[in-house]
Amino acid sequence: MASSFTSKNSASLLSVIVFFVVALSRRCCASKVVLQSGGYEGVVVALEDDLPPALCQDLIAGLESTVRAASGALFTATRGRASFREVTVLVPPSWGASPCSALGALGDAAGESWASADLRVSKGRHPQHGTRPWTLHSRGCGHHGDYVSLGHQSLTGNASALAGRQLARAWLEYRYGVFEEAGALGSPAHPPHYRAPDGAWKPNVCTNLPAVAANPACDPANLTCPLHLKKEAEEEEEEAADEDGSESEEIAKRSVPNGVTSFMALPENPAVTQLCDEGSHDRDVPTRHNLLCGGKSVWEVLRASPDFQNNWDVEGELRESDVAFRYVRTQPPKVVLLVDDTDVMIVQKRWEFVRKAVRKVVTYDVPDGYSVGLVVFDSAAATKYPLTRLTDGATREKVGSSLPRNPSREPHHKRCLLCGLREALRMLQQDNTGSGAGHVVLVTAGGGEPLDATRTNEASHALTSAGVVLHAIVYPLTERYPTPGAGLETVAALTGGRTYIVPDQGIGADSKLSMYYNLLDSLYTALAAVTGPTVLPVKVHSAEHPGGRAAVSQGTFALDPHLGADTVFAIFYYHVTHVGNLIHLVSPQGQVIDTANMQKEDANINMITVRLAEAQATAGQWHYKVENRADSHQALYVQVTSRQRASSDNPRVSVSAWTSHPLALVNASDISRPLALFAEVRVGVAPVESAKVTATITRLGYTDNGTKYEPLEVILLDNGLTGPDMALADGVYSRFVPALPAAKYSVRVDVEGEVEGEVFTRHVRLGVVDVVGVLPALDVIPPARVVDLRASVLEGSGGRVAFTWTAPGGDMDYGVADRYVVMASRSPAQLREGGGRLLEGWAAPLAAPALQQHTLLWPDFGVVHYVALYAVDEHGNTGALSNIVSVYVPAPPSTTPVPSPSQPPVAPVNISAVREAGVGAPVLATLDTRQLAVVFGCVGGFVALVAIVACYCLATHRRHRKSAQAKKVHEAYAVAVATPTKMGPPQDFPDGGKAATKDALGKDYMSPVESWSASQLLSSRHDAKRGSMSARSDDASDHSGSTKKSYGDSSAGNDYYGETNPYPYRHDAFLGHYPSPADQYPVPADHYPTPSQGYPTPTEGYPSPSEGYPTTPTDLYPSEGFPVPAEARSYVSSPPSESFLSVSCEMLPSSHGPPAYAAYPSYDASLRSSTSSKVPPPIPPKPKLVYTPEPYIYDAHAHEAPAPASLLAAEKRVRNITMV
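Each position in the sequence shown, counted from 1, maps to that position plus 12 in the working numbering.
Take the hints with a grain of salt, since some may be wrong.
Said to hold, decoys possible - Within a straight-line C-alpha distance of at most 27 Å, the following computed DSS-like cross-link-like pairs (lysine-lysine) qualify:
| no. | residue 1 | residue 2 |
| --- | --- | --- |
| 1 | K361 | K44 |
| 2 | K720 | K524 |
| 3 | K361 | K410 |
| 4 | K720 | K361 |
| 5 | K396 | K410 |
| 6 | K637 | K524 |
| 7 | K135 | K44 |
For the record, the hints were derived by calculation from the structure and aren't laboratory data.
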């Protein structure tokens, strides 16, 4: 029957997708476990393949005992609503048909696998949890977990009752998304003890036990101080009964009253049987459950689950179920290859590549014992080879070569996909080797119209009813602009499979080799999903080496310590002549292996292989060289695979990946559910920390100008910041990928880690993700939530509190937020409701995920305050409120006044915005008020003493200078009287002595005898007043540029242009801002103050450096600057004089001469000669000259070494006359 397609617009397509998401998402996303009449059915327990058969009897007995104990604990904790009823145990295939009598008759597995099991019993011990049950939970509160894991040692011992209670607690977390309700040793996020509102230490646990106090045996502030919930009398009773182990559990039950909570906090105590509800739950304790569930109680989360929504009224009406166990063993899977052979495969080399790829997979990759059949379809379906168990090379060759040499001529639009699926299901169901369950690997060309809702529903229902998983490969993708959500991906996802896409690439009549290798890789990935992660060889390396670039292509690959068996180095080519004769391998020890006699060529699949012996395949970094003769439009592909050594006891490296949308459908319009990528990296059961995990997201199709889209690389993180990574260092790396436009995307995850000092690499293909809908026109993505806010009081700092947190980013954990909003309150409930007092002056956000720190002086002592923050981006989108931290600063000694604790801090002092490496707390921060008063008093007295001595020295210096000036005056007038002619202009003046004119002096100028030039008037006092006219009397620089040059460095002690302060931080707590070092923060030329503005004073701020200081995540405390003594500040203490001439004229006494003139001093009378026809020039009065300041130009040489004194003096002389 031919498939008919109906034209759909984008709106109808979106409605079809939404229909399947709503109707079928629960069916595919949820576990197969169901709660029927108070009993869990469909629970799967998988035993690891490495467990030896000798453990069978003890392991099975311990497993049954533990599960029954857990069932009873669940029944009590859920108030009679849930217990285990049916459990299926998947035993390792290596155990054989009858490993022990405890198993009874083994059945065949019907879809059960290690990857899909609810409980996993492992061989190894977890480094943190040991052999106790623990839950991997990569989703949030109220969502299902990934699996529960426990070590087999906990099942073979005598602690089955304790293991049962621990298993019940882990099951509640796995099934309902509830978490621990007690603090953890060594955890700063969830410490064992916390500060209560009254300031006392209390155990961090959700319980209704009365009068629970902190552990008296240790300091509760220490993160290693364990919880202690027993009374002294009970401790004595327990010590007396230590010798009688049979009474220990009974004493433990009597140590606390019946029905106490919480089972999620204290599962080890047999008397603690209940879960916290609204009445017993404390929303303010810093437990992991409160952080992840927003303060909801465990029972609030349980009631919202589908298990309890419909049976709320059955409390007390059900009884505990009897647990029934069924043991099954995995049989070799059955696989049907379903291939599209319509006319679309005739183009270029498409069909040839399909035949070669099928031949390669069947001949080389499918494990022994697997059954493989082959079906082709166009408008109808036909079986080309029935299901056949692969046992030898001849059988593999027959099955692999069964595809026809040429495809049919049937048009592609007439293909009948449902016809092919029905034929594949019929083949699986007719096989007599087991159930009809199996796998269908579909290879079909892309393009045409999408499947409508009717046919999608029919296909998914038929496959899921039969227990068949569909793995779809779109080969090739012929659409240049593929439509997202075509239906095929949805069908595959609903059955538990994935869809992989191979883009069409070709030139003329040739198809590129990349199409062939991508098809091979897709088939190998689909086969790995069929066999499981431990059956096929591990692909440790794959690389493309384009032709026409280098004569020899080189590369590296890494072998794990546990790998080395069946190591194959393979080269795939378009034509055999594209591979030269040189193929060399270099071992980690430097041994060069010439592979000329080791090569095996298979022209039927275009592959050359080199197989290394197990002794040769040593762990470490390998190098290879291949002579590349490929054309410029073709390439060579190199691939390396290896298996685990049979004799190796090293744990296996395992990598798996998944998305937050199991249906592979993402609605771009729903910003609350963006795409999230996850990758789990483990060595055995231990998580691999600090691995480099990169997700490559490639948009399929072409841009408007005909080019391919650039891939997007996203670094996945294991930081436990819940956005979306749920736990730190648990081996699960994750990241949100927001704001993807509607399109089809191919996702691949690359992992590079280290185990036992050796590097390993892995590659995982996640298949296709369809993004539908329309992105919002505006930025509506908020910043991520801060969940690691910490507050710590700095000891000996006088009440300073350091806050640390991870910068959240502007769009989730990408980019930079705009600002932080920080609130403080005496009540955490008020903060959750959006209230509290705003704390201002906090640091600007850094780029995510940098570590930030802020330190402030806390004004209240002996009172508990609560602080929380959230980030805001530049568009006003606000992140969720962070975790709430408590701040408690102990009261200082009684001699120190204590501020009133009535209100939280309003504007705390910002000591340091960003932490700087290598610098501790400031010296002044370690002193109290009394010590500070003594220090500043001593400093003030010393400064006063220095000032008195300086004044005395200055006065003495001025007296000596006046004497010298008087002597010069006598000499000058003696020369003037002896000369009968006028004095000429001084030769050292550049203006010839005409700088000052009569007009410039104004109308008050008069000459009693005859006119004297300005040069002559000034020459009489030339030497005496030179120093006072070129510099201010207070040693401060004047306004002219020449003076700036002269005093650039000599005024460092009290001038703005001197050496700058060495403290680069700005501190709002002190007056002004310290100028930054000139070599780090140069001040622009236009930043200096103009003469009209005046110089900065100590109460005015100097320019502050830029805000963005770098952060060092490894340090805990900031680099804090502190005030510099007043004598070290580079301030100008007073503004300049209004007139520079006023300084020179003030040196003359005002009691001599006529009113218009200043008379000669009495000691100058001897200079008047009776024979002289001329009298010496009079001393003019202070001219009323309006001074116009010069432009204030910064000179780059202002900070150079001071010029010699002679040059300074000459420059001052020039300046003296030009300023008149």
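Right, here's what the structure says about each hint:
1. K361 with K44: violated (43 Å)
2. K720 with K524: holds (15 Å)
3. K361 with K410: OK: K361 and K410 at ~22 Å, within 27 Å.
4. K720 with K361: holds (21 Å)
5. K396 with K410: holds (11 Å)
6. K637 with K524: With a Cα-Cα distance of about 23 Å, the restraint between K637 and K524 holds, given a limit of 27 Å.
7. K135 with K44: Given pair K135, K44 holds - Cα atoms ~25 Å apart, limit 27 Å.
Going through the hint list in order, the structure does not satisfy hint 1, though it satisfies all others.
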